[in-house]
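Q: Sequence:
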Amino acid sequence: MRSNKCMKTLVITLILITCLYLLTITSSKTSKAANYASVNKELTTCTFTEKRGDPSYDYVIGSDYLPHFRVFFWVPKDANKYIPYADKGVKTDVSEHGSVEKWSVIEATKTNGDYKLVYIYVPKTFVILQGKGFQNKIHLEALIINR
Numbered sequence: 211m212r213s214n215k216c217m218k219t220l221v222i223t224l225i226l227i228t229c230l231y232l233l234t235i236t237s238s239k240t241s242k243a244a245n246y247a248s249v250n251k252e253l254t255t256c257t258f259t260e261k262r263g264d265p266s267y268d269y270v271i272g273s274d275y276l277p278h279f280r281v282f283f284w285v286p287k288d289a290n291k292y293i294p295y296a297d298k299g300v301k302t303d304v305s306e307h308g309s310v311e312k313w314s315v316i317e318a319t320k321t322n323g324d325y326k327l328v329y330i331y332v333p334k335t336f337v338i339l340q341g342k343g344f345q346n347k348i349h350l351e352a353l354i355i356n357r
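In our numbering, the protein residues as written are 211 to 357.
Fair warning: there could be bad hints in the mix.
Only pairs whose alpha carbons sit at most 30 Å apart, straight line, appear in this in silico DSS-like list of lysine-lysine [as the list claims (entries may be wrong)]:
| hint | residue 1 | residue 2 |
| --- | --- | --- |
| 1 | K347 | K334 |
| 2 | K287 | K218 |
| 3 | K312 | K301 |
| 4 | K347 | K326 |
| 5 | K291 | K301 |
| 6 | K342 | K291 |
| 7 | K218 | K261 |
| 8 | K334 | K320 |
| 9 | K312 | K347 |
| 10 | K298 | K312 |
| 11 | K312 | K287 |
| 12 | K261 | K298 |
| 13 | K298 | K347 |
| 14 | K261 | K326 |
| 15 | K301 | K334 |
| 16 | K298 | K287 |
| 17 | K334 | K312 |
| 18 | K261 | K301 |
| 19 | K215 | K261 |
Calculated from the structure, these hints are not laboratory results.
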């Protein structure tokens, strides 16, 4: 009789734990979906034809006395989020800087009509490995986040 009571207690405990687990997963998915929906409402993708700077890239000598390459893009003045990316199949995680999504995008002060100039700092390792035309393998998506 005592063994039967322990078994019932164990089964009830396991059922409660399972229910709590399922409830947590369900609420987490609902919360993520709600967050995604609210973020999605805030985002307006800026569809425009990619406009490269002229020249399309240059380099500056840093405080470390090494060249730092920059690839230039003209983006709409309202753009306030930038997502750099590379051509499909191009390996970009070639240094401690990480993959292309982690590369620095900087807004320059230069403007031209409805556009502003931004540039992506490109790791030297990527430039060396890709060689001539490296700048043509790097692209930039610009977003306007309405707040």
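Q: Below or equal to 30 Å on CA atoms is what counts here, so check K287 against K218.
A: violated (67 Å)
Q: With a cut-off of 30 Å on the C-alpha distance, tell me whether K215 and K261 pass.
A: Distance ~74 Å between K215 and K261 Cα, so the pair is violated.
Q: Has the given pair, K291 with K301, been kept, meaning a C-alpha gap of at most 30 Å?
A: holds (23 Å)
Q: Does K320 sit within 30 Å of K334, going by the straight-line distance between their CA atoms?
A: holds (25 Å)
Q: Can the restraint linking K298 and K312 be considered satisfied, given a maximum Cα separation of 30 Å?
A: holds (17 Å)
Q: For K334 and K312, compute the direct alpha-carbon distance and say whether it is at most 30 Å.
A: holds (15 Å)
Q: If you draw a straight line from the CA of K298 to the CA of K347, is it 30 Å or shorter?
A: holds (9 Å)
Q: Mind checking the alpha carbons of K298 and K287 for me, to see if they're no more than 30 Å apart?
A: holds (28 Å)
Q: Given the proposed pairing of K261 with K298, does the C-alpha separation stay at or below 30 Å?
A: holds (19 Å)
Q: Hinted pair, alpha-carbon criterion (30 Å max): K312, K287. Please report holds or violated.
A: holds (22 Å)
Q: Given the proposed pairing of K312 with K347, does the C-alpha separation stay at or below 30 Å?
A: holds (16 Å)
Q: Could you grab the alpha-carbon distance between K312 and K301 and see if it respects the 30 Å cut-off?
A: holds (13 Å)
When the structure is compared with the earlier hints, violations turn up for hints 2, 7, 19 and for no others.
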